[in-house]
Amino acid sequence: MELLSVRDLNVGFFIEEKFALAVRDVSFSVKKGETLCIVGESGCGKTVTSLSILRLIPPNGRIVKGNIHFKEKDLTRLSEEQMRDIRGKEISMIFQEPLTSLNPVFTIKDQIAEAIIVHENVLKQEITDRCITLLKEVGIPEPEKRLYDYPHQLSGGQRQRVMIAIALACNPSLIIADEPTTALDVTVQAQILNLFKELQERYKISLLYITHDLSVVAQIADKVCVMYSGIIVEEGSVENIFYRPAHPYTRGLLDSLPKRAHKKQKLKSIPGVVPDLLSRPKGCPFYPRCSLTKQVCIEKIPNFKELEDGHRVRCHILG
Amino acid sequence: MFPFIVRSIIQKTITLFFISIISFSVIHLAPGEPSQINPMNPRFTPELIKRFRSQFHLDKPLYMQYLIFYKDLFSGKLCSWKDGRPVLRKIWERFLNSLPLFIVGTLLTWTLSFPIGIHSAIKRGGVFDKTATFFAYFFISIPGFFFAYVLIIFVVNTFHVPVIGMKTFGFSSDSLHMIMDRIWHMLIPSVLSATGGIAILSRYVRSQMLEVEAQDYIRTARAKGVPEDEVHYKHALRNALLPFITMFGLVIPGLIGGSVIIESIFSWPGIGRMAYEAILSRDYPVVITLNFISAVLVLIGTFISDLLYMVADPRIRL
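Note that the protein sequences, when read in sequence, are chains W and H.
Under our numbering, read the first sequence as residues 697 to 1015, first letter to last.
Under our numbering, read the second sequence as residues 154 to 471, first letter to last.
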């Protein structure tokens, strides 16, 4: 049973009077209790994809094509008001920058309570209790005291925990986490990832996890979508992606991971940069950086090829 | 909080001491002194000049003049050199005349700028925003004196009411008519002093609001499912208002400033005109006292805005 299924999503932006597609024909689905990771370099469209699900893309952006089905509803067709009932209640979102994602002039309690008050009719005392429970759940020590702190009094990791508490406030069935650990240091990152896993096991929440960090993917994902320049180039289970990567870009990403065994070796990298939104190549977006490029790559975008069950790749040459 | 208040008062007193020295020296650095205002006047004999100079202590060394001046000021004995009336009483009378203009002008400015600026920012690029932007630049660029004459012609021709001065000279009637007369006279000068302020302040509000609306926590609020109105007026506005606390503190010195241009055009016997005339006639006591009072008000204004910041912004603990 699929909880969220995105079909042929196309999202574009008006930039300098031109319209450019940031996300092209993206399709994926998340089952109940499952974790899907979307991986890619910055600028590949992963954040835009995640924001489109909650219809929170900036005003100059448009969802031009595609459906987003969530629990039998098509989110692209809902009114703004119906969308508000879904945001924070059915689907919550956690953002990249815990330092700036909380409003500096309101207390932690105000901000957690708000998420509850918007969606439910609850008594004042009950709200305080629920805020305390939530803070305990995300592992904040002395929640009764922290409740009346302002964001600037907390560390980055704690702020991200508060963000998670806000996301959990109304028992959502899906949490979208957009690089939630990128701004944190590695030890805190590990703690937060463990927290995600724990909460997911306890509440059977589905997780759509956006990241550029493959080591995070290895720790948390069930399924992985690799995005490049607005399209998904490869998708499959986490084993498929790590042990049998098919797309040259995925291979490049895995090769550029530092390995502890070969300390003296120079780190590998993929030559070139992600193409600019307004000057993307016509064919396979990866061909300018690919070592296997042939004429067909330059001419058209490859279609998906099914390699094994659930493992699909968009490449003319491989697969 | 208490230590902050004590520390702040001590610091501001020290600042004030240096301001008193500077404002006193500045006026003495300027060329000309009261005894030389009209050297062509045949009645101004050298003996007379000498008498003037000794009467006003101008023949003493500067530091002595400074001491005498501030001793007189604080004991209330300081008199204008022009007409011999006590300076503080002169200023107080003029202050009362300027006060209604200041209050109405400031109220108009602050109550209108915020709705205009906020609405422009929320509906960015819309008809309201474009209209507001057009008028803002129009009123910023039009010279005040020119706009004043346009307004005078318009109001006088349309409503047939006198608008120059504080009230119609020699007009006496029942109290309602008197009040209406005063209001008509106040209308143009206060609207005029407000238009420039509204034009500038509403632009500040708009850009501040736009900046805050682009912050991450606004997106967080939306992601929580908070209705748009609350996103704007609760989450964005509280943050956008913070910088205006500083500007609000700087409104207070305007109490003593007055406006030379508006008061001159409308023959309004206000404080700005008095200051201007005092400078022309080298009436040192009036000029320096006004200078000193406005310095005190600036310090009070910054002190109040510091206190307000502590209340409004949880990040600031002084």
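Be aware that a few hints might be false.
[Claimed, not checked] Just some of the chain W residues that point at chain H, by a computed CB distance under 8 Å: (1) 716; (2) 791; (3) 814; (4) 846.
Keep in mind that the hints were calculated from the coordinates and are not lab data.
Because the structure is a prediction, the values reported are computed rather than measured.
Heads up, the beta-carbon is just placed ideally off N, CA and C, and yes, glycines get one too.
Hints versus structure:
A distance limit of 8 Å between C-beta atoms decides the matter here; for residue 716/W the minimum to chain H is near 20 Å, and the interface restraint is violated. Interface hint status for residue 791/W: upheld, as the beta-carbon distance to the closest one in chain H is roughly 6 Å, under 8 Å. At its closest, the beta carbon of residue 814/W sits 5 Å from a beta carbon of chain H; the interface hint therefore holds under the 8 Å criterion. Look at residue 846/W: its Cβ gets to within about 4 Å of chain H, closer than 8 Å, so that hint holds up.
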